[in-house]
Amino acid sequence: MADNQSNHDSVWEYNPSKAAAILFTILYGLTTFGHFFQMFQHRKWYCWVLVMGCSWEFLGFLLRNLSITNPTSVPLYAPMQTFIILAPLWIAAFLYMSLGRLIHAFLPSRRCLGLSARRITLMFVLGDIFSFIVQLSGSMFLTGSNPTPEKFHLGTSILIGGQCLQLLLFSFFIVLGIRFEVNYKQEFGSTSTSGRERWIKMMRVMNFSCACIVVRSIFRIAEFASEYPGPLVSHEVAFYVLDAVMMLFAVVGFHLVHPGMVLGEEGSFRAEKKRAQNSRSEVEMGVIR
Numbered sequence: 027m028a029d030n031q032s033n034h035d036s037v038w039e040y041n042p043s044k045a046a047a048i049l050f051t052i053l054y055g056l057t058t059f060g061h062f063f064q065m066f067q068h069r070k071w072y073c074w075v076l077v078m079g080c081s082w083e084f085l086g087f088l089l090r091n092l093s094i095t096n097p098t099s100v101p102l103y104a105p106m107q108t109f110i111i112l113a114p115l116w117i118a119a120f121l122y123m124s125l126g127r128l129i130h131a132f133l134p135s136r137r138c139l140g141l142s143a144r145r146i147t148l149m150f151v152l153g154d155i156f157s158f159i160v161q162l163s164g165s166m167f168l169t170g171s172n173p174t175p176e177k178f179h180l181g182t183s184i185l186i187g188g189q190c191l192q193l194l195l196f197s198f199f200i201v202l203g204i205r206f207e208v209n210y211k212q213e214f215g216s217t218s219t220s221g222r223e224r225w226i227k228m229m230r231v232m233n234f235s236c237a238c239i240v241v242r243s244i245f246r247i248a249e250f251a252s253e254y255p256g257p258l259v260s261h262e263v264a265f266y267v268l269d270a271v272m273m274l275f276a277v278v279g280f281h282l283v284h285p286g287m288v289l290g291e292e293g294s295f296r297a298e299k300k301r302a303q304n305s306r307s308e309v310e311m312g313v314i315r
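Numbering (the numbering used here), first residue to last: 27 to 315.
Because the hints were derived from the structure by calculation, they are not lab data. Where hints are given, some of them may not hold.
[Unchecked claim] Label-pair ranges, simulated between beta-carbon atoms:
id, residue 1, residue 2, range
1, Leu92, Leu148, 36 to 42 Å
2, Glu223, Glu176, 54 to 60 Å
3, Gly170, Gln212, 49 to 55 Å
[What the hints assert, rightly or not] Okay, derived cross-link-like pairs now, EDC-like style, lysine to aspartate or glutamate, Cα gap no bigger than 20 Å in a straight line:
id, residue 1, residue 2
4, Lys227, Glu207
5, Lys177, Glu39
6, Lys44, Glu262
7, Lys211, Glu223
8, Lys177, Glu253
9, Lys227, Glu291
We put the CB at the ideal spot given by N, CA and C, even for glycine.
Let the hints inform the model, and build the full structure from the sequences given.
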């Protein structure tokens, strides 16, 4: 990964490694296929969000390969940046949805901090969508046509704001995760392990994934806040260690502890709605009889 750039017309601030780009294209392609297969295997359809996150990473690195081959092509470089910058938001949304389903499945009250599991999921997803829109708009300023210093500064400022919002959401996610375990112990006692064994491994994988995304977000904030071209922008190794590797770690753990291995029908909002409708129908039939 050389740091010098001999082509002055290139969109790159360094000589990017073709081998590294190929490697991560293959790795993200494999994990995308794996999660797509496991989604059908375990019939956990909400995992399409995780598949989207992996596929955006895959597309980002596929475009990175093409951009390295065509270093003066902005139409290849711009969408590459957008895919890689925004892909973690899909994975974050998957974590939020998984936490809501854990609360729904394992707490009898199906509430945490006074909020229902459905409402928790909705709040997080709406916050993630807003962060997605903010970061997409910032990315468009950075990668759009006719770039100017003013547009670049505005774009980086917007992206920093979006990353900070993501960190704020993760802070609330951590608080809810801790409260979830406290509530479980209050309901079943600290010595109960029958249900805890089912979700504790998944929660650990989720916490590890969250930590990886936080590291990546801090790196991106530091990168966007630094002077251009700063050391984080002009050294490819920082991108691979603090972004590409972190996001790969964030998703591979769910191959080993997939939500389908932990969440039964109790973790499905749709299943609960269907059971409620069936119960109502049975009551109505009883009244008619």
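For each hint, the structure was consulted:
1. Leu92 - Leu148: 36 to 42 Å: Given range 36 to 42 Å: holds, Cβ gap about 38 Å.
2. Glu223 - Glu176: 54 to 60 Å: holds (56 Å)
3. Gly170 - Gln212: 49 to 55 Å: Hint holds: Cβ distance 52 Å, inside 49 to 55 Å.
4. Lys227 - Glu207: holds (12 Å)
5. Lys177 - Glu39: The hint holds at about 18 Å.
6. Lys44 - Glu262: holds (11 Å)
7. Lys211 - Glu223: holds (13 Å)
8. Lys177 - Glu253: Given pair Lys177, Glu253 holds - Cα atoms ~15 Å apart, limit 20 Å.
9. Lys227 - Glu291: holds (18 Å)
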